[in-house]
Every structure is written in structure tokens, then in C-alpha cells.
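**Q** Each chain, letter by letter, is given below.
2 protein chains.
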Amino acid sequence: MPIIECVPNISEGRRTEVVAAIVDQVRRVPGVRVLDVSSDPSHNRSVLTLAGEAAPLKEAVLSLFDAATTTIDLRSHSGGHPRLGAVDVVPFVPIEGVTMGECVALATETAAAVAERFHVPVYLYEEAASRPERRNLEDIRRGEFEGLAAKMATPGWAPDFGPSAPHPAAGASVIGARMPLIAYNINLATDRLDVARKIAAAIRHSSGGFRFVKAMGIALEDRGIVQVSMNLTNHEKTPMFRVFDVVKREAAQHGVSVLESEIIGLVPAAALVSSAAYLLQLERFDPNQVLETKLREKQS
Amino acid sequence: MPIIECVPNISEGRRTEVVAAIVDQVRRVPGVRVLDVSSDPSHNRSVLTLAGEAAPLKEAVLSLFDAATTTIDLRSHSGGHPRLGAVDVVPFVPIEGVTMGECVALATETAAAVAERFHVPVYLYEEAASRPERRNLEDIRRGEFEGLAAKMATPGWAPDFGPSAPHPAAGASVIGARMPLIAYNINLATDRLDVARKIAAAIRHSSGGFRFVKAMGIALEDRGIVQVSMNLTNHEKTPMFRVFDVVKREAAQHGVSVLESEIIGLVPAAALVSSAAYLLQLERFDPNQVLETKLREKQS
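If you read the protein sequences in the order shown, they are chains A and B.
Under this note's numbering, the first residue of the first sequence carries the number 93, and numbering increases by one thereafter.
Under this note's numbering, the first residue of the second sequence carries the number 93, and numbering increases by one thereafter.
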């Protein structure tokens with residue numbers, strides 16, 4: 093049974109009854125599991141984590157739009173997080189027995205159905221992007237809901253599906269496919285923020301580091317230590333163990349030790365299995381040797 | 093859905109049609125998956141790896157006895173591996189969503205049913221053992237089929253279930269519950285067999301090492317290197333990463349490097365996940381953060 097993860101971000105994090113009603117509508121779709129719901133009042137935003145096969149997930153996203161477009165109005169929305177629409181972003185993530193290509197197809201179909209049924213313009217992003225300048229969410233979202241009408245009127249910013257102007261209340265949505273994202277932090281046994289910042293700069297893509305690392309150095313004031321706070325956006329191509337090793341070596345150059353590392357939220361088993369295989373110097377290791385993977389194979 | 097592994101060892105590894113007929117009978121039991129079948133002609137023995145829930149696995153073992161006791165006769169059996177019966181050993185192993193206690197209960201129930209239906213004496217072993225001197229398979233099996241009648245007549249060796257004398261053709265069986273066993277080897281970048289042997293002696297339980305490690309040093313003649321060849325019999329209590337680290341340090345004391353390590357056959361994901369967590373210095377890590385584990389939780 094293939095498993096896809098879907099992580100819709102909606103622009104409501106304060107009215108708990110509205111979030112509950114939206115989640116409730118999603119939960120009613122057979123074949124879809126709601127793994128997590130996190131609401132952030134200061135961002136005024138909630139993140140749902142869903143899992144299932146392609147067809148039920150598409151139904152779940154349509155139900156989500158149905159509930160969200162009738163209860164969220166961006167014209168009266170404020171919060172600390174950039175957003176373009178009532179249903180702001182919907183990534184599909186391949187987890188097991190499914191390819192990225194299948195998630196791209198699901199994102200594209202879902203986007204077309206959303207635009208047709210709810211008259212919401214939709215942009216495709218990341219692996220599903222229709223052109224390079226739409227891969228990054230930040231680029232699509234720049235200008236936010238308030239600047240959306242003007243942005244959509246400029247050349248190159250017609251949506252991939254739906255009307256050429258924003259939905260009055262629900263704005264626009266960004267739907268796509270991406271690898272699982274790992275929120276990974278490494279804490280250093282020092283209070284020297286400059287060290288954390290130098291290491292973050294050394295490893296992140298934007299300043300010359302690894303292709304699939306976003307990183308910043310921050311202080312954990314209450315603990316008197318500093319942290320290299322990261323998002324790993326493709327653990328197959330930029331694996332955790334390599335990031336850990338390089339951070340450790342960079343820290344040592346500054347006379348600093350790694351205190352510990354931590355994963356925030358969920359992590360795909362494959363990211364840890366490949367780390368163990370590397371660090372234990374496992375040769376000739378095949379992921380099918382993992383008992384649970386073998387068990388989930390189709391019976392031959 | 094709880095998953096139990098069951099690894100019956102039968103005393104037939106040469107007559108492939110007999111093995112195929114036995115496996116076929118097991119495969120017909122609904123709810124049981126046959127993950128692997130390995131036959132060793134020189135041992136004249138086959139090992140089946142089954143998976144499923146408790147009730148279907150019990151049915152599968154009864155089907156296995158039905159087929160094996162009518163086709164295997166220990167009076168004309170020879171081979172390089174110690175054995176007591178036609179169905180020699182049947183361990184149940186907790187994999188997911190099931191406790192060792194439940195596997196002990198399943199072993200005990202299955203043993204009682206086997207004895208009643210097939211008139212084969214059964215000894216319980218490992219976690220299911222009825223007394224300490226029956227924990228180790230080697231102790232129960234000492235004397236083998238040929239010495240069984242005499243052994244059963246001595247005080248302390250009445251079976252846990254079934255008749256007080258061997259089954260004429262099928263001998264006796266050993267049924268129990270144990271942790272998953274990991275066949276783990278570490279190859280050294282040297283041809284010095286004495287080093288591999290010294291390290292094996294340092295880490296194995298029988299000569300003062302870790303409680304759940306069996307180890308020996310062997311030469312890999314064709315590659316010109318040596319190997320510390322191990323069975324890890326409880327990866328929760330004696331974890332892979334600790335064994336790896338100690339072997340590496342011991343080797344360094346002899347001026348030798350670890351070339352690589354390898355896992356033969358299957359390994360539970362938890363053994364690799366805990367190794368990654370240790371080697372990446374992950375703090376506050378909860379196995380429920382593994383996406384696949386979370387997915388297999390019951391829907392709340």
C-alpha cells in the first residue's frame with residue numbers, strides 16, 4: 093500500500109473552533125489519516141499532517157478547501173507568517189511505495205480540481221513547478237495576499253490553474269510535491285553565537301554550503317548555549333550524517349564541541365537507517381534487509 | 093496490526109520436494125507470510141521465516157508439524173547440525189505492536205497444541221523456558237535425537253508438554269520466544285587472525301564480554317582479511333553501536349583499523365534507528381518521531 097504524506101498549511105491559527113471544523117471535515121474522508129495538527133496563534137496559521145493514498149488525499153484536500161474557503165477571509169487576516177491564501181500551501185510528499193513523479197501528478201490533478209471547483213487560482217511549486225522561477229515557495233508568495241492582485245496582473249505571474257485574479261476572500265493557493273523535510277538542530281557546548289552563525293553560513297546552500305540545507309545560528313538563551321538550526325530538504329541527496337559530521341568538524345575548528353542534536357517532529361526511517369549504515373561503516377547493505385521494509389513488500 | 097516473526101527450523105535440507113511441500117502447506121494458512129526459506133544440504137536443515145499475528149502463526153506451526161511429522165524421519169536423518177526432532181526449533185519473535193509476554197503466551201499455547209495433536213514432546217526455551225536450565229537451546233539439544241530417549245528418562249528432563257518418551261520418527265521439539273537475532277560481522281583491515289580472535293573473546297558473553305553477544309574470529313581467506321563474526325541476541329540491551337565502538341577501539345589497540353561491517357539477513361529497523369540516534373548524538377528522541385512508526389499507530 094503506497095503512502096503519501098500531505099501537509100496543508102491554512103491561514104487560521106487563532107479561532108480554534110474554525111480549525112477544528114476544518115480538521116473534522118478532512119478526518120471524515122475514508123482512507124485518510126490525520127497524523128498531526130499544529131496551530132500557531134502568533135503566525136495565525138495551522139499545519140495539518142495527513143497520510144494516505146493518492147485518491148483519498150485528493151478528496152481530503154478538496155474537503156479542506158471546501159471548509160476553509162467558507163470560514164477564512166484573508167481580507168481580515170493578520171499574522172506573523174507570510175501567506176497568499178486561505179489554504180496557503182499544500183505539498184505532497186512521497187513516503188513509501190510511491191515515486192516523486194506520482195506525487196507531481198497528484199499535485200497537478202488536485203490543483204486543477206481545486207481551481208475548477210472553488211475558483212481559486214493555483215500555482216504549482218517545487219517538483220511540480222511549471223517553470224524554474226516557481227520552484228521556490230518564497231518567490232511565489234512574495235508580495236503576499238495584499239500584493240496578489242497586482243502581482244497576478246504582471247507578465248509571468250498568471251496562475252497554473254484557475255482565474256487570472258485572486259479569489260476575493262481566499263486569495264490564491266500553492267500546491268506541489270517535495271521530498272520530506274527534516275527539522276534538524278545541532279546544539280553546541282558554548283554560548284558563542286558567532287560560532288553557530290559561522291557554521292550555519294558554512295553549511296547552508298544560500299551561502300555556499302550543501303545543496304539541500306537551510307540553516308541559521310541562534311542562541312538558546314535559557315540554556316546558555318547556541319544552536320545550528322536547520323531544515324534538510326532532501327535527506328537522500330544531502331544526508332543527515334554528512335551534515336552532522338561537517339558541523340562537528342567546523343565546531344572543532346573553533347574549539348567548540350557538539351553537545352547534542354535533535355529532530356523536531358517527524359523523520360523518515362530511511363534518513364536514520366542510512367545514517368546508521370554510514371556511521372557503522374555497513375557495506376553491501378540493502379534497505380530491503382530492514383525487517384519492517386521486507387514485511388511491507390508485496391507478497392511474492 | 094501486531095507483527096510476530098516465527099522462524100521454524102526443520103530437519104530436512106536435501107529433499108527439496110519435501111521442503112517445498114511443507115512450505116506450501118504453511119503458505120496456505122491465511123494471514124501468514126513466508127518471508128524466506130533457506131535450505132542447507134550439508135546441515136540437512138531448512139529455516140523458514142514467517143510473519144503474522146498470533147492466531148494465524150499458531151495455525152501455521154500446526155500445519156508445519158502436520159506436514160513435517162509425516163515426511164521427516166529422524167531415524168534415517170544425518171547432517172552437520174545438532175537436532176532433536178523433525179521440527180527442531182520454533183522461536184516466536186516480537187517485532188511490532190506486541191510484547192515479549194504475548195510471544196511467550198503464544199509459544200506456550202502452540203507447544204501444548206503440538207503435543208496434544210501430534211504426540212510430540214515439547215520443551216519450552218529462552219524467554220518461554222519453565223526453568224533456568226532450559227533457557228539455552230544448546231543445553232536442551234545436547235545428546236541430540238540419538239540420545240533423547242535416555243535423556244528424557246533422567247530426572248529433570250521430562251518435557252513441558254506431551255509424552256515422556258520421544259516420538260519414534262519426529263523426536264522432540266523446542267518451542268519458545270526470543271528477541272530478534274542480528275547476524276552482524278565486522279571486517280578488519282588486516283590478515284592477523286589472532287587480532288580477530290582476541291577481539292571476539294573480549295566482546296562475547298562467554299568469555300567476559302557483553303551479555304547478548306556471541307562472537308568468533310575467522311579468516312576470510314579469499315579477501316586476505318579477518319572478521320569478528322557475531323550474533324547479537326538482544327539489540328535493545330546490547331546495542332549494535334556499542335559493539336561497533338568497542339570493536340573499533342579494541343582493534344586500534346592492536347594497530348588495526350575497521351574496514352567495514354555487514355549485516356547478514358534481516359535487521360529490525362529499531363536496531364538501526366537507535367544506532368543513528370546514538371551516533372548523531374540525538375537527544376530527546378522518541379521512536380514515535382519516525383514517520384513510518386507514527387503511520388502504523390492505531391488511529392486516535
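Worth double-checking, as some hints may not be accurate.
[What the hints assert, rightly or not] Label-pair restraints from in silico Cβ distances:
1) A:ARG334 / B:ASP132: 37 to 47 angstroms
2) B:GLU328 / A:GLU375: 42 to 52 angstroms
3) A:PRO379 / B:GLY235: 40 to 50 angstroms
4) A:ARG334 / B:MET308: 44 to 54 angstroms
Don't read these hints as lab results, they were simulated from the structure.
Computed from a prediction, not measured in an experiment: that's the story for all the values here.
Here a beta-carbon is modelled for each residue, glycine too, at the ideal position from N, C-alpha and C.
**Q** May I ask you to test the hint 42 to 52 angstroms on the CB atoms belonging to B:GLU328 and A:GLU375?
**A** violated, 25 angstroms
**Q** Taking the Cβ atom of A:PRO379 and the Cβ atom of B:GLY235, is their distance within the range 40 to 50 angstroms?
**A** holds, 43 angstroms
**Q** 44 to 54 angstroms was suggested as the range; check whether the CB atoms of A:ARG334 and B:MET308 agree with it.
**A** At 34 angstroms between Cβs, range violated.
**Q** Between A:ARG334 and B:ASP132, does the beta-carbon spacing fit 37 to 47 angstroms?
**A** 40 angstroms Cβ-Cβ, so the 37 to 47 angstroms window holds.
The structure shown violates the earlier hints numbered 2, 4.
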